[in-house]
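Asks: Take the two lone chains and join them into the complex the hints point to.
The listed protein sequences correspond, in order, to chains A and B. Residue 78 in the working numbering sits at position 78 of the first sequence; the count goes up by one each step and never skips. Numbers given in the working numbering equal positions in the second sequence, counted from 1, plus 1000.
You can take every hint at face value.
As a list, the in silico BS3-like pairs of lysine-lysine whose alpha-carbon atoms are at most 25 Å apart:
| no. | chain 1 | residue 1 | chain 2 | residue 2 |
| --- | --- | --- | --- | --- |
| 1 | B | Lys1455 | A | Lys96 |
| 2 | B | Lys1337 | A | Lys97 |
| 3 | A | Lys97 | B | Lys1342 |
| 4 | B | Lys1419 | B | Lys1292 |
| 5 | B | Lys1263 | B | Lys1419 |
| 6 | B | Lys1342 | A | Lys96 |
| 7 | B | Lys1444 | B | Lys1419 |
| 8 | B | Lys1421 | B | Lys1463 |
| 9 | B | Lys1421 | B | Lys1402 |
| 10 | B | Lys1080 | A | Lys96 |
| 11 | B | Lys1456 | B | Lys1295 |
| 12 | B | Lys1337 | A | Lys98 |
| 13 | A | Lys96 | B | Lys1337 |
| 14 | B | Lys1338 | A | Lys97 |
| 15 | A | Lys96 | B | Lys1338 |
| 16 | B | Lys1402 | B | Lys1263 |
I should point out that these hints are in silico values taken from the structure, not numbers from a laboratory. Here the structure is a predicted model, which means the values were calculated and not measured.
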Amino acid sequence: MEIDPFIFRLSIFILSIFIGYYVVWSVTPSLHTPLMSVTNAISSVIIVGAIIAGLAGNSNSIFNNSSIFGFLAISLAAINIFGGFLVTQRMLAMYKKKKKDK
Amino acid sequence: MISANLSAIFYLISGVLFILALRGLSSPETSRQGNFFGILGMVIAITVTFLTIGNFSSGFIYVLIFLLVGGLIGAFIAYKIPMTAMPELVAGFHSLVGLAAVFVAISAFLNPDAFNLGSPGNIKLGSLIEMSIGAAIGAITFSGSIIAFLKLQGIMSGSPITFKGQHPLNALILISIIILIYLLCTTQSSNLFWILLAVSFLIGFLLIIPIGGADMPVVISMLNSYSGWAAAGIGFTLENTALIITGALVGSSGAILSYIMCKGMNRSFFNVILGGFGATNQSGGNQNKEQKPVKSGNADDAAFLMKNASSVIIVPGYGMAVAQAQHALREMVDTLKKNDIKVSYAIHPVAGRMPGHMNVLLAEANVPYDEVFELEEINNDFSNADVAFVIGANDVTNPVAKTDPQSPIYGMPILDVEKCKSVLFVKRSLSPGYAGIDNDLFYKENTLMLFADAKKMTEEITKNLD
Chain A
1 MEIDPFIFRL SIFILSIFIG YYVVWSVTPS LHTPLMSVTN AISSVIIVGA IIAGLAGNSN
61 SIFNNSSIFG FLAISLAAIN IFGGFLVTQR MLAMYKKKKK DK
Chain B
1001 MISANLSAIF YLISGVLFIL ALRGLSSPET SRQGNFFGIL GMVIAITVTF LTIGNFSSGF
1061 IYVLIFLLVG GLIGAFIAYK IPMTAMPELV AGFHSLVGLA AVFVAISAFL NPDAFNLGSP
1121 GNIKLGSLIE MSIGAAIGAI TFSGSIIAFL KLQGIMSGSP ITFKGQHPLN ALILISIIIL
1181 IYLLCTTQSS NLFWILLAVS FLIGFLLIIP IGGADMPVVI SMLNSYSGWA AAGIGFTLEN
1241 TALIITGALV GSSGAILSYI MCKGMNRSFF NVILGGFGAT NQSGGNQNKE QKPVKSGNAD
1301 DAAFLMKNAS SVIIVPGYGM AVAQAQHALR EMVDTLKKND IKVSYAIHPV AGRMPGHMNV
1361 LLAEANVPYD EVFELEEINN DFSNADVAFV IGANDVTNPV AKTDPQSPIY GMPILDVEKC
1421 KSVLFVKRSL SPGYAGIDND LFYKENTLML FADAKKMTEE ITKNLD
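Next comes chain B alone, as it looks inside the complex (with noise of 0.2 Å):
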């Protein structure tokens, strides 16, 4: 048994780690060394909570049974699970911290001996507050990701569900959660407890279920810095440095990605948690179904004006995710360079279905990632290259942005392909993207589709280029 003092310590040296592993990612050099500073700071959490309590009785080993059961599941799943579904297994985590954060705090308040927080019934203020703060973050995350994970998997459809009175019907859910978590305060009823956590898991279901699959990149970071706030709360109530240090550091991490987000977007924050986008635009953008000429070629054509560039910008988003392209995107791009052709990577903030999506899946298909560049770095270069190869991209490519003040997605940064001397378009079908409307740019005169599965489609250039 080590005393107070020393374990407060450990627990800070913890969170100094925690801080190192996230300062390590500003680069993938340091990146790994980041992760392993993560590792050792879990390393000694753990150590340390078990010296303090110094209790190896019997209940220590199904502790570490139930420890090493989580763990083999854990480490099964980050083998098996392939990089195109990231977004879906980062959601799973998510809603895990949450219930966690639930369950921690469940028995803290069966228990509060064990925590030093007073007796059932008689808990101290303080951490009554803390704790239910903490339960009821943790039961919003919960519910909400498990939501993200159904859209993200395709179990639930990925298109906005609104309803009449929406917005007021969640209104009053959260006013009433903080009536609750008042009353809970007062009385140290157990019954509100319940009630508390009941309403918290609901609207946590009900503030996702509005939101459309493309909007998931904000969702998933915002579930991301809630699981935070719930650790945070936690942490709190059980005076643990190394918790709030995280809590914080999590909590901060996702409102960051979900501003990097919607600033990619240029959507308010408010506006896409509102929801309901893309549900209403989807009927305009068919009524100007004029029929515009579209030229329209094949992988021989396709071929045929990459040999002839000196450079090629390849524009990934989501659509090569689904079709997992991007294997056979590089072995595209690999026959390119033996031709001497100059081929760079341009990605935006959004594209795919989380921030960094598109990065993780070409790294996978081993491009370097000095080769795959962000919206600002490259989008000055357009204006240079031969083509420009947007492969399961839409909306993020559309010049509509910049021109139509009446676009929903009027503002929003997009890559500039139109300067290119000619582009190539990978679709399987000239419908509209997410934000329901017609992109200009396929009916431009230097514009190229080629209809087909961004897979095949790419390997058939591959071998016409040979």
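Okay, chain A solo, but in the shape it has when bound (with noise of 0.2 Å):
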């Protein structure tokens, strides 16, 4: 019998699950809002459906009643994307070490 897809994708789901749980432990305590940020930024990758659901209407109706809605959550998402990444940037780029002599 043939193992559904489902399963295999069930499976990297809980496995990332776990990879997350580690990867997250790791992560030093100063930097937990630069880790909301970019997690943020990450979890608009929900653009790629987006952009399927936007460009599944015909040329005739480039604008239907469900494109429109994968229009709408692809700005959503860009605003997310670049604002999370960029915000980001910009907060990282402000932890410096100790000068050493001064």
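Replies: Listed below in structure tokens is the structure:
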């Protein structure tokens, strides 16, 4: 009997939870705020679904009742992707070590 | 157009890059590289999606336009936002992830052909379950984050909003969501789908209103986690590995942060979620209002004390963020260092309104991160330090957490400020902190209260140090 592909995705999902668990515990507490903003940015990879949804309309009706939600989701996710990565970048640039001699 | 197998491999690569992005955050040195991996992963995911669809018709232009509009708004916000407003920003961003998940789910429900999920009214059962779970969690994330945002922004009162029968009502709604998903999957009725979304929006709203302002670190972490699970749900629907991996990462990240925050307050997760904390205790705090003697001083006294110290530990709290005192504080510390005084910073896990909030503010004020320590790292040093300078913190220093089992904060790990030779408290008034309880430290022999705005006081101390 063949294994349902769902099981493979479920395996990936469960194993990723464990990876997430160990990776996040190793994040230094002083970087917890950047951690939140960067997880925000990467969870917006949901834009992949939004693009598929947006391009689902045919050339006669680019905006139909289904694709319009896709387009709106593209904008929302894009705010998050750009905003999330850039604000993380901005924060991380501020973390400096003590200057050796002064 | 590239094959489905090839694109699946690319999605896997971008999933791995996202793991590396989080891995980079284990130290500030590797963190910038980590962020770059994250961006690279995102670029790969988006590019591969375009190539897989391979349809560069007029619709493609609109995708780019919407992408660009969102991107510009995001970039603008990222550059303009002050660091003190990070909690609001993150809450706002969570709401967008939630709403995007809802929109993608709606789109997939209305036009399942585009996602190879069947046809309207006849969607594959597994996909429908995944889609409705993703949509429900997305909706909860959205409305919950909106409330958190309004509370943090001060548009909505930070005090908990409770009413009779709140918990039974919430439980009822949560059960009805499960029933709705079941019915939706058996009937495929679009009306049920809309009702499910409406009810999920409602419960997100109801779940967050009873939680008070100072519990926001837990709420934000929890919503972070939800946004991850919502993304994972949609990832299953779209059969997209990158989305599943990311959803799991973000989901567990938020869950761990919530756990750390709860532990920092010695409260169970359910205790925080059920809310209402602080509202009932307020009256208890005011009862023992016997006049106890308090020593209060001015900037001159504080400067004198610190000048004669050999080591000073700074304890910043939310009050510092409110007063925007972080830059003034760093200037004061610079002056102290010129006088050969050893200065370090002690950060309590729940200081501020989100995990790591104080660290970011200090980093913004150019405080080197190797002078900033977590509770476990520095707590033993208080007994050797001459002066503890508490600025805008209160409950996290309250020794009652160790001594009085009746206290609402009993058992909470605290910074052992009382072990210092002398303690300076910068505070507006004697009013109790968020937990609504008096701080014994105010009345100790070796405590000097500095009643003033945190920023003005630190500036004045700096002047007096010269």
